[in-house]
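**Student:** Listed here are the chains, written in short residue letters.
Protein chains: 2
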Amino acid sequence: MEKFELIVLGCGSAKPTTRHFPSSQVLNVRDKLFMIDCGEGTQLQYCRNKLSFNRLNHVFISHLHGDHMFGLPGLISTFNLLGRTAELHVHSPKGLEQMLKPLMDYCNYDMSYQVFFHEFDTNEPTMIFEDRTLTVTTIPLKHRVPTCGFLFREKEGLRHIRRDMIDAYEIPVAYINNIKAGADFVLPNGEVIANDRLTTPASKTHSYAYCSDTLYNPQIVEQLCCVDLLYHEATYAAEHEAKAQQHFHSTTLQAAQIAKDAQVKQLVIGHFSARYLDESALLEEAMSVFPNTLLAQENLSILLDD
Amino acid sequence: MEKFELIVLGCGSAKPTTRHFPSSQVLNVRDKLFMIDCGEGTQLQYCRNKLSFNRLNHVFISHLHGDHMFGLPGLISTFNLLGRTAELHVHSPKGLEQMLKPLMDYCNYDMSYQVFFHEFDTNEPTMIFEDRTLTVTTIPLKHRVPTCGFLFREKEGLRHIRRDMIDAYEIPVAYINNIKAGADFVLPNGEVIANDRLTTPASKTHSYAYCSDTLYNPQIVEQLCCVDLLYHEATYAAEHEAKAQQHFHSTTLQAAQIAKDAQVKQLVIGHFSARYLDESALLEEAMSVFPNTLLAQENLSILLDD
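These protein sequence lines are chains A and B, in that order. Taken in order, the first sequence gives residues 1 to 306; the numbers are from our numbering. Taken in order, the second sequence gives residues 1 to 306; the numbers are from our numbering.
Just so you know, not all the hints are guaranteed correct.
Given that identical chains are not distinguished, each listed pair holds provided it fits within a single copy or across any two copies.
[Stated by the list, open to error] 27 Å max Cα-Cα, derived BS3-like pairs, lysine-lysine:
#1 Lys3 - Lys94
#2 Lys50 - Lys32
#3 Lys243 - Lys3
#4 Lys50 - Lys260
#5 Lys15 - Lys101
To be clear, the hints were calculated from the coordinates, so they are not data collected in a lab. In this text the structure is predicted, and so the values were computed from the model without any measurement.
The whole structure should be built from the sequences, with the hints applied where relevant.
**Tutor:** Written out as structure tokens, the structure reads:
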């Protein structure tokens with residue numbers, strides 16, 4: 001199974017409450033872990049979810065507000081304490097390295113591993129990460145400071161070999177990779193065996209978009225088109241739309257409208273203001289516009305289907 | 001009642017676990033709150049214990065290791081978010097302000113209140129705070145970086161007026177403060193009424209000493225003499241004494257020995273290494289040397305008697 005799973009570590013907003021941790025999530029793509037935002041307490045939540053530190057090499061920070069990044073010094077120090085040797089890559093808007101440097105210089109003067117800061121421009125969608133299986137592209141958002149969401153998109157994988165057919169035609173191992181990539185096979189007698197007789201289609205690819213924090217911004221709809229899963233902040237209830245606008249945040253209805261317009265498959269709302277003791281009312285509002293909506297909560301895991 | 005209460009917010013050590021938060025405590029002295037250390041997640045624990053942010057004006061940081069101070073950026077930012085206007089005073093060894101400055105400059109460019117950093121020398125016991133009711137004195141400790149514990153000592157209060165005697169002798173209000181301070185009263189006929197007929201003794205004063213992190217250090221015994229409550233780190237079990245020494249920490253037996261030699265009334269041990277899943281064994285070890293020992297745990301409150 002090609003795993004594609006979102007784990008919510010924290011979905012509160014800046015004001016601390018006893019009900020939420022500040023923003024952090026982990027996306028598990030085929031057992032590589034990608035962290036998105038890193039509020040205070042993230043490393044505790046990470047442990048609580050029994051996630052492996054060894055599988056985490058990339059952290060993506062949406063913007064430089066404390067509730068999205070104050071967990072980084074602790075995380076970086078803990079890795080050092082554990083004797084990590086693998087590089088850690090931290091992607092963020094400009095300014096993070098400068099901001100953390102004196103703290104890191106003092107606390108980790110004898111670092112066992114290297115941290116690389118990659119700072120991105122927040123004006124245009126930009127592919128900031130790519131590996132064999134995945135790309136990560138920024139989603140420019142509108143907030144009080146430079147902010148981007150992130151679009152994680154799995155690459156089309158290789159087709160799956162039909163072992164029975166490979167055996168039947170006695171196809172040598174050396175040809176397998178080409179066949180997985182779509183090549184036909186030519187038998188010694190010249191007969192061409194079409195690829196779709198030797199393989200089944202590649203696994204479904206998945207996509208996940210993270211949008212926090214942002215003013216209601218229909219400009220992102222096109223980029224979000226048809227993603228499998230969208231996390232969109234819904235800091236405020238519909239009745240507090242003016243307050244949402246004032247603080248460059250979104251309401252439940254606005255988050256749901258983005259999901260609807262972008263025709264995403266599923267929506268998760270989060271980044272709840274501390275004022276709402278009962279968040280089920282927020283969920284109901286969002287569902288009135290986009291029924292397939294979930295309420296984020298700490299330790300929630302969403303496993304996307306194959 | 002003159003309240004003197006210790007509340008433990010976190011008593012783990014640097015490596016994160018799901019069982020503990022890193023170091024932080026609050027001492028409540030007559031409803032003024034004093035924070036001691038501020039590891040990651042402190043503000044969440046503070047809220048969980050329903051402590052008032054308005055009553056906290058002083059934070060004491062023992063040393064500049066992450067598990068004792070990575071909660072500060074979040075705490076300072078939250079106060080700003082809440083529109084705090086009262087000054088906040090942060091007492092620490094040298095270097096903290098320099099370390100936090102770029103983070104604070106970015107995150108709190110429009111601060112609603114002022115933070116004052118007071119950096120102390122860690123070589124000699126020094127009184128670093130004094131108000132009407134209390135003094136705070138540093139306790140030089142031996143750790144890998146400059147480190148001090150803190151001795152909180154209530155000042156002797158005023159004697160309590162005996163209302164019945166004041167009424168019987170018809171003593172005017174203007175004399176009451178002097179009588180509270182110990183003065184006798186002279187009746188119009190020249191008769192002297194001794195103070196101890198007009199008052200009962202002042203309330204008992206309390207003292208609390210916080211010692212984390214430190215190598216076993218008998219030099220502190222004299223300064224700790226006869227305190228009501230001592231928190232001493234016991235990062236390691238007795239069997240790991242060599243490891244304790246190597247990392248400049250103490251064992252259970254060493255913590256208890258300090259308590260015994262200083263003739264303190266009660267000992268609380270904490271700063272437990274993540275390796276010990278069952279801390280009751282640590283408690284048993286300490287109690288074998290100093291029976292009146294408690295195991296620290298999150299949200300533990302110790303109210304000292306009048």
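**Student:** Hint by hint, say whether it matches the structure.
**Tutor:** Hint-by-hint comparison with the structure:
Taking CA atoms no more than 27 Å apart as the test, Lys3 paired with Lys94 passes in neither setting, with 32 Å inside one copy and 48 Å between copies. In this homomeric assembly, Lys50 and Lys32 come within 27 Å of each other (Cα to Cα) only inside a single copy, at 14 Å, whereas the closest approach across copies is 39 Å. For the identical chains of this complex, Lys243 and Lys3 are neighbours neither inside a copy (39 Å) nor across copies (41 Å), given an alpha-carbon limit of 27 Å. For a Cα distance limit of 27 Å, the shortest separation of Lys50 from Lys260 qualifies neither inside one copy, at 34 Å, nor across copies, at 40 Å.
Taking the closest pair of Cα atoms, Lys15 and Lys101 come within 27 Å of each other both inside a single copy (26 Å) and across two copies (22 Å).
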